[in-house]
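J.: Here is what each chain is made of, one letter per residue.
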Amino acid sequence: MSLNDRLKNVFVEALELGEDVDVENLKYRDIEAWDSLGHMTLVAAIEDEFDVQFETEQVIDMSSFKVAVDMLEKLGANA
Amino acid sequence: MSSVFTLSQAEREKLLLPELVALTEHHRTHSPEYDRLLGALGTVEAKTLADLPWLPVRLFKQHAIKSITEDDVFKVLTSSGTTGDVSRIFLDKEAAGTQQKMLSATMQSVLGPKRLPMLLADTKALFTNRKSFSARGAGVLGMMNFGRDHTFILDEQEKPDPEAVAAFLAKHGGEPFLIFGFTFMAWLYLYELAKEHKLDLSNGILIHSGGWKKLIDQSVDNAEFRRRFKEDTGLTRIHNFYGMVEQIGVIYLEGPDSTGSSAELYCPDHADIIIRDPETWAEQPVGVPGVVEVISTLPKSYPGHVLLTEDLGVVHGIDDGAWPGKRFSILGRLPKAEARGCSDTFGGDK
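As given, the protein sequences belong to chains A and B, one line each in that order.
If you count by this note's numbering, then the first sequence holds residues 1 to 79, one letter each, in order.
If you count by this note's numbering, then the second sequence holds residues 1 to 350, one letter each, in order.
No wet-lab data here; the hints were simulated from the structure.
The following label-pair restraints were derived from C-beta to C-beta distances: (1) B:T78 with A:S2: 36 to 46 Å; (2) B:D149 with A:M1: 23 to 33 Å; (3) B:P18 with A:E24: 38 to 48 Å; (4) A:E24 with B:L334: 52 to 62 Å; (5) A:V12 with B:D320: 50 to 60 Å.
Glycine included, C-beta positions come from ideal geometry on N, C-alpha and C.
My request is simple: use the sequences and hints to build the entire structure.
T.: Laid out in structure tokens, this is it:
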């Protein structure tokens, strides 16, 4: 599975997204589920799935699905 | 570790003064209300930080004062008063970003860039109602960015959860971990729990805030708080902090050398404080208590760069502590101050 698809699954599960949500274009606070509390759940779920640890700045900067993909690629997380 | 506690008093004043003079002009241009208020004071030539015109913090409870257009309002912060009016602080996107960035830089000065395993001296029940957190919930959530593996010491029924804490310590107790809580929660729940179950918190870094009133009633001041935590739990890295919603992005943090009966706080590089005589408004000398004025270069979206608080404080020394700049304590509220701070969201203690 590609990094993109794996991350999509993490988003869907952590934020309990419905099928109608366009995950790849999702931005922080676009939807109710991705509020500051949802963000905590999401970050923990991404870290578990990809076995990485984000620093504080990264958690704060993770403002969209696309940004999360970039961060994971930079951290060398492999699909 | 990068720090925002680096500037000596002379360096700080030299750096801040021109920025604050420019900010004063900026707000005069962009906020008619502010310009009117200053007009009443006459034109002010500022040769020192103490010459800058201040606004009473209460003004933000009575008026919506901002230096941005309605369209640019991105976020409105509100204070948490239980009675009386609530402050409303208007942020545009840039101000919201600055606030987050500077708080984060300040916390990282003592925590480092990595998120530490985090124990919260609070209850999971804070977030039961997802759509409306209390001010306390918002405070806790803001701090959660600095940690991972968040573990609450109180369960959803608000009862101490020794098993959860023991499991956390078994997993993380051997490395540095972060503890956050409001001062009285840390004392009433974390300290008591740790003492009773003989928990080892010696690798913990406790960040706490919210006022001492409930503890003073139990004869526990800062020195006693630190002594008992050290003796009974091994916890020695403790940082109290002081801040307010009206001054975005600034927290005054207790230094590593604080031993006195009141927490000894330092100003981050983008801020300063002045203690004023409540009768004459002249600047008080070191050691003499007075009203706390807070100064910061961050507020661009509202004229909150120089604010007179309703708190009493005292400067203990300048450039003579673990960190440079003013070393000061908050002594409590001004008598008869009606405005309330976030320490008062935990139930009617007045």
